[in-house]
Amino acid sequence: MPVEEPHRVVCHLDRLLAERGLTVTALAEQIGVTNVNLSVLKNQRARAMRFSTLTAICDALDCQPGDLFSVAAAGSPPR
Amino acid sequence: MPVFDRWDFLATQIVIIGAGALTALVTVVRPLLAWIGGHALEWDLTTEDVGRAPEGLLARDGVTVRGVEGVHVEVADASTATWLASLLPGVLVSVTALVVALLAVRVLRGIQAGRPFTPSNVTALRSISMTALVGVVLHVLATSLADHQVRAAALVDRDDVTLFWGEVPFTLLGALLVVGALAHAFDRGLRLEQDVEGLV
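Just so you know, the sequences run in chain order Y and E.
For the first sequence, the working numbering gives the first residue as 59, with consecutive numbering after it.
For the second sequence, the working numbering gives the first residue as 16, with consecutive numbering after it.
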């Protein structure tokens, strides 16, 4: 089994999608990433991300990486 | 989705298991039946006497010595200890072959199921390598012991013990190294697969 390394990075993809009235499926089709992979990202289960995926999401949602991710305060439960 | 063709995979499994079973049949069952049937114990001496004229060897009563390239002896009234010693190398080869065959089938099934890089496969490959290596060493010791026992029963004044490392084929040792390297490669594959899990 993979060794889970704890982190405090939080993904705000669900909020960005809601604000734009988009679904995971629609975004996945738009940027050419699988629905499953985007769901992993949205549900905070991703452990790493390709710059190409990040670029595609930022282009599609017209946002910056900082809008998509934030780091939770120290002391908050690790993911 | 299966990796190998269904029939190829089935045939490969049958060949692997069949080879293990055949090894047991030839090296254990056949001599065991000869013993039970009251036949003479047949043995090819792997000693420094190989290549020498068998006429120069003084046989005990009831023992036939024939030489073609080596020295073939038939002991008519071999003792239980001699029979057991002569069976030991075959038992070791059979057990090793069967264990290796079962482990190899396990690895192939993992690959066929689309999961080659699993801890189970890495362990199986390492076990194949170690089992075969230990089997080779034990086989050399058992063969030497058996040869000593049969020689003492068959020939006069010939009961010295010799280890027969020359009997170990280099191809087998090479194959063990390849399997060991394969285990290392699978272990690396397992780590890489774990690294990309969760990558978006």
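Derived by calculation from the structure, the hints in this document are not laboratory data.
Hints are not guaranteed to be accurate.
[Said to hold, decoys possible] Sample of chain E residues facing chain Y (criterion: CB under 8 Å; computed from the structure):
hint: 1; residue: A39
hint: 2; residue: L214
hint: 3; residue: V215
We treat Cβ as the ideally placed atom computed from N, Cα and C, and that holds for glycine.
- Message: Tell me if the interface restraint on A39 (chain E) is satisfied: Cβ within less than 8 Å of some Cβ in chain Y.
- Response: 37 Å, violated
- Under the criterion of a CB-CB separation shorter than 8 Å, is V215 (chain E) in contact with chain Y as hinted? 5 Å, holds
- Message: The hint names L214 (chain E) as touching chain Y; please verify it with the least Cβ-Cβ distance against 8 Å.
- Response: At 5 Å from the nearest chain Y Cβ, L214 (chain E) passes the 8 Å test, so the hint holds.
In terms of the numbered hints stated before, the structure departs from hint 1 and from no other.
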